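*Asks:* This is what each chain is made of:
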Amino acid sequence: DGGITQSPKYLFRKEGQNVTLSCEQNLNHDAMYWYRQDPGQGLRLIYYSQIVNDFQKGDIAEGYSVSREKKESFPLTVTSAQKNPTAFYLCASSIAQLPYEQYFGPGTRLTVT
Amino acid sequence: QKEVEQDPGPLSVPEGAIVSLNCTYSNSAFQYFMWYRQYSRKGPELLMYTYSSGNKEDGRFTAQVDKSSKYISLFIRDSQPSDSATYLCAMTYQAGTALIFGKGTTLSVSS
Chain A
3 DGGITQSPKY LFRKEGQNVT LSCEQNLNHD AMYWYRQDPG QGLRLIYYSQ IVNDFQKGDI
63 AEGYSVSREK KESFPLTVTS AQKNPTAFYL CASSIAQLPY EQYFGPGTRL TVT
Chain B
2 QKEVEQDPGP LSVPEGAIVS LNCTYSNSAF QYFMWYRQYS RKGPELLMYT YSSGNKEDGR
62 FTAQVDKSSK YISLFIRDSQ PSDSATYLCA MTYQAGTALI FGKGTTLSVS S
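In order, the protein sequences belong to chains A and B. In terms of our numbering, the first sequence opens at residue 3 and continues consecutively. In terms of our numbering, the second sequence opens at residue 2 and continues consecutively.
For the record, the hints were derived by calculation from the structure and aren't laboratory data. Quick caveat, the model's predicted, so the values are computed rather than measured. Hints are supplied without guarantee of correctness; some may be wrong.
[What the hints assert, rightly or not] Pairs of lysine-lysine residues, derived as DSSO-like cross-links and limited to a Cα-Cα distance of at most 27 Å, are as follows: (1) Lys59/A to Lys72/A; (2) Lys43/B to Lys59/A; (3) Lys68/B to Lys3/B; (4) Lys68/B to Lys85/A; (5) Lys85/A to Lys43/B.
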């Protein structure tokens, strides 16, 4: 079955630790995205990548880093510089041509205490 | 003014009602409009996709785009308890750019 997987579903970390969230897709999509969702805030873009070895900052990139070494994978690292890392993180992918529909993974709930 | 505005609700309706969900936007360059449904603690799933102005129907769902008014709508006919979720509008204007999302409207359909 084609789709997007994110692991783990729930993640707990102590303040000051870096943590990496996994995102893998087997849809053969060129573009991949990371969003953060907070209650009442909607989805906010962290980073996106249109092609391997290239990525762009979104609206709230500070305190986050990404890599895109393979087409299928787009891991997100939440660094200790992120002031409020507790949130629901969503990964998405799309083809680079019409109709630009984005397909989402199940999300990772990160809690930092 | 935010690029995309969406009333967060909550919106509560009885089973069988017609539901109207709406978004307004400010960027006239937006060409591609989508509606996502998100159940609690799950990733959003794509419901409807519309290009430019006009209507699109899929079963009980109808998406409508009015570019002259910068206004999009999603209508749900014969609403069911299983339609209870948060509905997010999203839009973009060119390939490879991220979607701009509304904050979502929470819908509750009671049986």
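*Asks:* With reference to the structure, classify each hint as holding or not holding.
*Replies:* We went through each hint and held it up to the structure:
| no. | hint | verdict |
| --- | --- | --- |
| 1 | Lys59/A to Lys72/A | 18 Å, holds |
| 2 | Lys43/B to Lys59/A | 25 Å, holds |
| 3 | Lys68/B to Lys3/B | 17 Å, holds |
| 4 | Lys68/B to Lys85/A | 39 Å, violated |
| 5 | Lys85/A to Lys43/B | 24 Å, holds |
Of the numbered hints stated above, the single one contradicted by the structure is hint 4.
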